[in-house]
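Colleague: Please construct the entire structure, taking both the sequences and the accompanying hints into account.
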Amino acid sequence: MESIVAAKDVWRVYQMNGVSVEAVRGIDLSVEPGEFVAIVGPSGSGKSSLLHLLGAMDRPTKGDVFFGGQALSGLSDGQRADLRLRRLGFVFQTFNLLPTLSAAGNVDVAMRLAGVGHGERKVRTADLLSRVGLADRADHLPRELSGGERQRVAIARALANKPSLLLADEPTGNLDTQTGAGVLELVRGLCDDDGQTVIMVTHDFRAASYADRVLLLRDGSVRGETRLEGEQDTRETLSRLLAAEL
Amino acid sequence: MYRLALRNVWQHRVRSLLTILGVAVAVQLYLSMTSMIASAESDLERQLDTLAGKLFVQRPMTDESMLEEFPSPSSSISLEVADELLAIDGLDESASSAILYLPLAKPPAPGSPPPTCAVGIEAGHESAFLGPLQLEAGQGTLPDADSVVLGQGAAEYYGGDSGEPVQVGQSIQVLGRSFRVVGVLQRAPAVHNGIVMMDLPVAQELFGRPNSVSAVILSATSIEDVGRVKSQVESLHPELNAATQEDVEENVLEVYATVYSLADMVNTVAVVVVILFVMIVMIIAVMERRKDIGVLRAIGARRWTIFVLIAVESLALSLAGAVLAAPLWMLIRVFVEVGIVSAAEVVLSNWIRIGLLAVLAGVGASLLPAWRAVQVDPLEALRYE
Chain A
1 MESIVAAKDV
11 WRVYQMNGVS
21 VEAVRGIDLS
31 VEPGEFVAIV
41 GPSGSGKSSL
51 LHLLGAMDRP
61 TKGDVFFGGQ
71 ALSGLSDGQR
81 ADLRLRRLGF
91 VFQTFNLLPT
101 LSAAGNVDVA
111 MRLAGVGHGE
121 RKVRTADLLS
131 RVGLADRADH
141 LPRELSGGER
151 QRVAIARALA
161 NKPSLLLADE
171 PTGNLDTQTG
181 AGVLELVRGL
191 CDDDGQTVIM
201 VTHDFRAASY
211 ADRVLLLRDG
221 SVRGETRLEG
231 EQDTRETLSR
241 LLAAEL
Chain B
247 MYRLALRNVW
257 QHRVRSLLTI
267 LGVAVAVQLY
277 LSMTSMIASA
287 ESDLERQLDT
297 LAGKLFVQRP
307 MTDESMLEEF
317 PSPSSSISLE
327 VADELLAIDG
337 LDESASSAIL
347 YLPLAKPPAP
357 GSPPPTCAVG
367 IEAGHESAFL
377 GPLQLEAGQG
387 TLPDADSVVL
397 GQGAAEYYGG
407 DSGEPVQVGQ
417 SIQVLGRSFR
427 VVGVLQRAPA
437 VHNGIVMMDL
447 PVAQELFGRP
457 NSVSAVILSA
467 TSIEDVGRVK
477 SQVESLHPEL
487 NAATQEDVEE
497 NVLEVYATVY
507 SLADMVNTVA
517 VVVVILFVMI
527 VMIIAVMERR
537 KDIGVLRAIG
547 ARRWTIFVLI
557 AVESLALSLA
567 GAVLAAPLWM
577 LIRVFVEVGI
587 VSAAEVVLSN
597 WIRIGLLAVL
607 AGVGASLLPA
617 WRAVQVDPLE
627 ALRYE
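Chains A and B, in that order, are what the protein sequence lines are. First residue of the first sequence: 1, per my numbering; consecutive thereafter. First residue of the second sequence: 247, per my numbering; consecutive thereafter.
The reader is advised that the hints may include incorrect statements.
As the list claims (entries may be wrong) - Among the chain A residues that face chain B by a calculated CB cut under 8 Å, a handful are: (1) M57; (2) A81; (3) D82; (4) R86; (5) F90; (6) F92; (7) L98; (8) T100; (9) L101; (10) A110.
Hints were generated in silico from the structure; no laboratory data involved. Note that CB positions come from ideal geometry on N, CA and C, so glycine has one too.
Modeller: And the structure:
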């Protein structure tokens with residue numbers, strides 16, 4: 001089966017005040033359809049930089065990223081924007097909702113950008129908000145929502161254009177444990193029920209436990225990778241990973 | 247995306263309102279200048295209409311650096327010369343006359359006509375000076391030596407402290423002599439607005455000019471004969487200046503050129519002010535919304551979409567300002583002098599220009615901020631660590 005997204009020897013080097021910073025160093029990665037992959041690492045390990053490369057928000061210094069078999073290096077800025085709009089969905093740590101739009105408006109805007117018609121937008125917005133448990137909060141502005149509710153709206157927005165891949169950058173980073181767990185349950189449900197492919201970046205091993213596969217990142221390189229099957233196996237595996245990390 | 251742009255305008259209501267007011271004031275200034283020019287051009291056209299098919303003969307001004315005035319108070323032609331000119335073949339006698347033109351009050355400003363002036367004209371030949379001008383009340387002819395026909399400005403001037411213009415049947419005092427008002431003209435161009443038209447011999451007696459007049463108006467029987475009559479005048483008396491309608495128009499345009507330039511400059515400044523004003527506000531708006539723009543770019547908005555978003559917001563502000571300018575200007579004009587109907591006429595006749603100005607300003611003002619917005623890197627804007 002062709003992978004949804006693949007990275008082949010990708011590097012990302014930043015020039016900062018004349019100093020080269022290698023945020024991502026020669027990573028090879030492949031994610032299959034329906035897979036939930038967690039990329040775990042401490043702050044500065046390069047996991048967000050890797051996510052931005054996979055999400056066509058940034059260009060690698062070396063190597064290439066492939067989406068559905070197509071190399072992203074050959075795409076123009078506009079084509080990359082189209083890719084992000086129609087085939088990718090983003091969830092950010094700080095939610096990044098548009099403050100002047102209601103919950104429904106934030107979900108709707110992604111479909112507006114994609115040129116979806118009014119009727120279909122209305123139906124799909126209602127469905128998505130219902131799916132994330134916020135049907136009764138559709139008309140509320142982001143400032144009127146709790147952190148967990150905002151993140152759910154952000155997830156609904158990310159799913160608006162039926163993306164092939166959902167990218168989540170520390171989705172529970174600004175949430176308390178219980179609320180974060182609720183969001184992760186939601187994401188897990190998307191994978192199990194809808195076959196949604198998810199790549200999640202996190203520094204939290206507990207959050208990573210919801211994934212099918214965990215990649216351990218450190219200093220821009222993959223240091224470990226493991227599959228998680230069953231709750232018991234997950235605890236043992238993560239404990240090993242955590243011990244290795246320490 | 248238009249909805250998002252308008253929401254952004256609404257979100258910062260105070261700032262948007264102040265911007266709209268600023269645009270309204272600048273557009274209102276533009277309207278005032280345009281109205282002033284339109285009024286001056288209308289005045290000029292009406293003034294020139296009175297000279298259609300006519301020759302205005304007077305002695306040229308001695309100071310060549312000064313622009314020629316029509317009629318000129320300093321001009322003096324002897325009665326003999328006037329009679330000679332009036333005897334030229336091919337003239338419409340009833341529409342030709344010698345006139346004596348003298349100010350009765352000081353002009354309010356250098357170069358502007360006096361508020362009132364005496365125009366002595368041969369009885370029965372009043373149409374030579376009045377031309378197609380319409381009467382407000384009474385008659386345009388002088389039945390006797392004690393009667394006068396007033397321009398609107400003169401009627402108001404002689405109304406005095408009461409503020410009410412002099413009416414037909416009332417009397418006025420001119421240089422110690424009482425005259426009966428037999429007619430009042432409708433509001434007319436500057437030269438005609440302040441006239442006190444009286445019998446020529448009476449004017450000559452009043453001003454101590456028994457043997458001279460200021461100018462001679464010659465009306466040809468047909469337009470085609472104007473050139474021939476002019477040639478004859480120049481041949482008989484080359485020392486005199488014989489001006490046709492075109493000559494007067496050329497002279498007046500020279501006078502107005504400075505006014506037009508000034509008005510154009512003010513209008514240009516108004517447009518530039520609108521553009522800069524809106525541009526500054528939009529640059530601030532873009533700076534404040536870097537993160538929102540970054541989010542839109544991150545979820546897949548193209549650069550063009552961001553550009554349109556900023557342009558629509560800018561256009562909304564400038565159009566709202568232009569729309570507000572119209573009633574604002576009409577309110578000012580009503581309080582200043584003209585009626586609401588006249589003010590509305592100017593607004594309606596300029597609505598396309600105002601609309602284009604608003605669109606030009608809105609789009610022009612959006613270019614720089616929109617360019618800055620599309621340069622926003624989503625990664626930079628979303629950085630939160």
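Colleague: Which numbered hints does this structure break?
Modeller: none
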